[in-house]
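**Student:** Whenever a hint applies, use it, and build me the whole structure from the sequences.
Each chain is listed here by its residues.
2 protein chains.
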Amino acid sequence: MFATSVASPALPEALWPVPASTLRWDSQEHLFHEGDPVSAIFTIESGAVVIYRTARDGCRQIHGIRFQGELVGIGYNVTYGVSAVAVRPTSARAVSRATLDRLLDNDPTLARQMMRALTSELRRTSNLLMVIGSRTAIGRVAACLIDFSNRAADSDDTFVLPLSRGEMGDLLGLTIETVSRAMTRLKVLGIIALRRTDTVTIRKRATLLALAEEDGDGAARGRLCACSEARCTRYPPNEMTTTENRRPPVH
Amino acid sequence: MFATSVASPALPEALWPVPASTLRWDSQEHLFHEGDPVSAIFTIESGAVVIYRTARDGCRQIHGIRFQGELVGIGYNVTYGVSAVAVRPTSARAVSRATLDRLLDNDPTLARQMMRALTSELRRTSNLLMVIGSRTAIGRVAACLIDFSNRAADSDDTFVLPLSRGEMGDLLGLTIETVSRAMTRLKVLGIIALRRTDTVTIRKRATLLALAEEDGDGAARGRLCACSEARCTRYPPNEMTTTENRRPPVH
DNA sequence: GCGACAGCTTGACGACGGTCAATGATTTAG
DNA sequence: CTAAATCATTGACCGTCGTCAAGCTGTCGC
Chain A
1 MFATSVASPA
11 LPEALWPVPA
21 STLRWDSQEH
31 LFHEGDPVSA
41 IFTIESGAVV
51 IYRTARDGCR
61 QIHGIRFQGE
71 LVGIGYNVTY
81 GVSAVAVRPT
91 SARAVSRATL
101 DRLLDNDPTL
111 ARQMMRALTS
121 ELRRTSNLLM
131 VIGSRTAIGR
141 VAACLIDFSN
151 RAADSDDTFV
161 LPLSRGEMGD
171 LLGLTIETVS
181 RAMTRLKVLG
191 IIALRRTDTV
201 TIRKRATLLA
211 LAEEDGDGAA
221 RGRLCACSEA
231 RCTRYPPNEM
241 TTTENRRPPV
251 H
Chain Y
1 MFATSVASPA
11 LPEALWPVPA
21 STLRWDSQEH
31 LFHEGDPVSA
41 IFTIESGAVV
51 IYRTARDGCR
61 QIHGIRFQGE
71 LVGIGYNVTY
81 GVSAVAVRPT
91 SARAVSRATL
101 DRLLDNDPTL
111 ARQMMRALTS
121 ELRRTSNLLM
131 VIGSRTAIGR
141 VAACLIDFSN
151 RAADSDDTFV
161 LPLSRGEMGD
171 LLGLTIETVS
181 RAMTRLKVLG
191 IIALRRTDTV
201 TIRKRATLLA
211 LAEEDGDGAA
221 RGRLCACSEA
231 RCTRYPPNEM
241 TTTENRRPPV
251 H
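Taken in order, these protein sequences are the chains called A and Y.
If you count the first sequence from 1, position 229 lands on 229 in the working numbering, and the numbers rise without skipping.
If you count the second sequence from 1, position 145 lands on 145 in the working numbering, and the numbers rise without skipping.
Derived from the structure by calculation, the hints contain no laboratory data.
From a predicted model like this one, the values you see are computed outputs, not experimental measurements.
Where hints are given, some of them may not hold.
Quick look at which bits of chain Y chain A covers, simulated, 3 or more residues with Cβ under 8 Å [as the list claims (entries may be wrong)]: (1) 53–61; (2) 69–82; (3) 104–118; (4) 128–135.
Residues from chain A shown here face chain Y by an in silico Cβ test under 10 Å; the list is partial [claimed, not checked]: (5) Cys59; (6) Asn77; (7) Gly81; (8) Ala111; (9) Asn127; (10) Arg135; (11) Asp170; (12) Leu171.
Not close to chain A: a few residues of chain Y, all C-beta gaps over 12 Å, as computed [as the list claims (entries may be wrong)]: (13) Ala20; (14) Ala94; (15) Thr125; (16) Thr158; (17) Phe159; (18) Arg185; (19) Gly190; (20) Arg195; (21) Arg196; (22) Arg205; (23) Thr207.
All C-beta atoms, glycine included, are put in the ideal place defined by N, C-alpha and C.
**Tutor:** Written out as structure tokens, the structure is:
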């Protein structure tokens, strides 16, 4: 859900031949905190990093998770706009802000790559916003699973969840319990299989996709309770002819 | 809520002395649609533009509104990642993508400005995500009003709503009715005053701010029903000592 | 093996907000 | 001024999901 084919990929390592040092973090260690002065930007070599922000009242909103080959901390600002924490042992190459700034002066190509990377970051946040803004719990979880499965390097339909239930909740704007119930429901419906609570096998990808996109194609409708005919009708889907995202607002 | 002091401002017009033509749109006319090839980026001279995306099922998620001096369409990609529609008669200067690309080759400063603008765009989307991900209806509406009041050029506490109830709903992930109820509640509580349904006066800014940030400082709590003591406890606020956004995740 | 602990699951309950429907307010056309 | 259209408001109803509180499962140390 959060990565898309439209968005540009992260900078390939081959195109990133700049002075960099490799750093390591244990699980739960922070790469940086929101508000810290920007010291460097990072390319993950191995592991996984969660990007998040914390509201005043302590609510945490995870913005996404980044894996090998992806960039972390690329906001071009004085301070980091998000926090970044490793969720498993992680190594990453750090390019200092000073180095980056120096290179940017002489390399328009690098600037373009940074712009593309920022655009990609924006796209992912936008995608998450779409999911949280209009999907119900099971739709959000479905979208999350689809995303993980697309990004996992494992065999196509089985992968290990990189996030705990609580972290998935913080990502999707749900509670632990609601995430758990959604997972259980997906399991009971035979859409996924679970082993050890963190190993997922997608059994009915089409159905899962439908849930993630709330296509409402009869079958198991998006609701956790699966008993309502209602769907998101903030804008009724009376113009679903266009295959691509192209739909003027009702006025 | 969506603009922040942390984020960099849009490019000042003075720093944008590039070949540009001024275009005009009536209310409800599109500047561009998501998926269109990027032809230009725009600096609004007057009017207001809504940025949005439409989900497959027809749900519209407004990402934000842009006013005079702000940029629209700055994603650095082949196609636009969002749609943009004028919500009142609007004029904007268009810098073609070709021109931009030519200038980027020779002007590292411009590249930096673009990166800052993209970072600002990212920040706004992130802020909206924070609001939608964890605030209840009245908190979302409160945050929206605070944002409008901060950005309005009018007298400090009175401003004209640039969005209809329905558009506010599409922005905040709520229905028209819920937005309306929240506005009414804010009015009944004496926190705002309404004239002609689109002219708002903020009477108790501190309270409105508290609602927007769910500080839960006694007084009128965030709920529409105002009878529950419960608050967002996805991550209990047991560490609210830090004044700024700095809070390690619970592990 | 056992106990302790963390994370996950499941149930009960109720509030929030979506849905449907009717009414009211404002604007525009004639 | 009246009619029509659009938008906003208000009410009734109920599904979803947050909350609270058990119980369950798997892991770790010993």
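**Student:** Is the interface hint for A/Asp170 satisfied, with its Cβ closer than 10 Å to some Cβ of chain Y?
**Tutor:** With a minimum Cβ separation of about 6 Å from chain Y (threshold 10 Å), the hint on A/Asp170 holds.
**Student:** Could you let me know if the closest chain A CB is still more than 12 Å away from the CB of Y/Arg205?
**Tutor:** 16 Å, holds
**Student:** Taking the shortest Cβ-to-Cβ distance between Y/Phe159 and chain A, state whether it exceeds 12 Å.
**Tutor:** Correct as stated: the minimum Cβ-Cβ distance to chain A is 22 Å, above 12 Å.
**Student:** Holds or violated: is the Cβ of Y/Arg195 farther than 12 Å from all Cβ atoms of chain A?
**Tutor:** Non-interface label stands for Y/Arg195: nearest chain A Cβ at 23 Å, farther than 12 Å.
**Student:** Close enough to count: is the Cβ of A/Ala111 nearer than 10 Å to one in chain Y?
**Tutor:** 4 Å, holds
**Student:** Hey, is Y/Ala94 genuinely clear of chain A, shortest beta carbon separation above 12 Å?
**Tutor:** Its Cβ never comes within 12 Å of chain A, the nearest being 19 Å, so this holds.
**Student:** Report holds or violated for chain A covering the stretch 69–82 of chain Y, Cβ cut-off 8 Å, minimum 3 residues.
**Tutor:** Holds, because 6 residues of the stretch 69–82 of chain Y bring their Cβ atoms closer than 8 Å to Cβ atoms of chain A.
**Student:** Given a cut of 10 Å on the nearest C-beta pair, is the interface hint for A/Asn77 held or broken against chain Y?
**Tutor:** Holds. Min distance 5 Å.
**Student:** Would the least Cβ to Cβ distance between Y/Ala20 and chain A come out above 12 Å?
**Tutor:** 19 Å, holds
**Student:** Does A/Cys59 hold up as a contact with chain Y if the rule is Cβ-Cβ below 10 Å?
**Tutor:** This hint holds: A/Cys59 lies near chain Y, its Cβ roughly 4 Å from the closest one there, short of 10 Å.
**Student:** Taking 12 Å as the cut and beta carbons as the points, is Y/Thr125 off the interface with chain A?
**Tutor:** 5 Å, violated
**Student:** Non-interface claim for Y/Arg196: all C-beta distances to chain A beyond 12 Å?
**Tutor:** Fine: 19 Å to the nearest Cβ keeps Y/Arg196 off the interface.
Violated hint: 15 only; the structure is consistent with all others.
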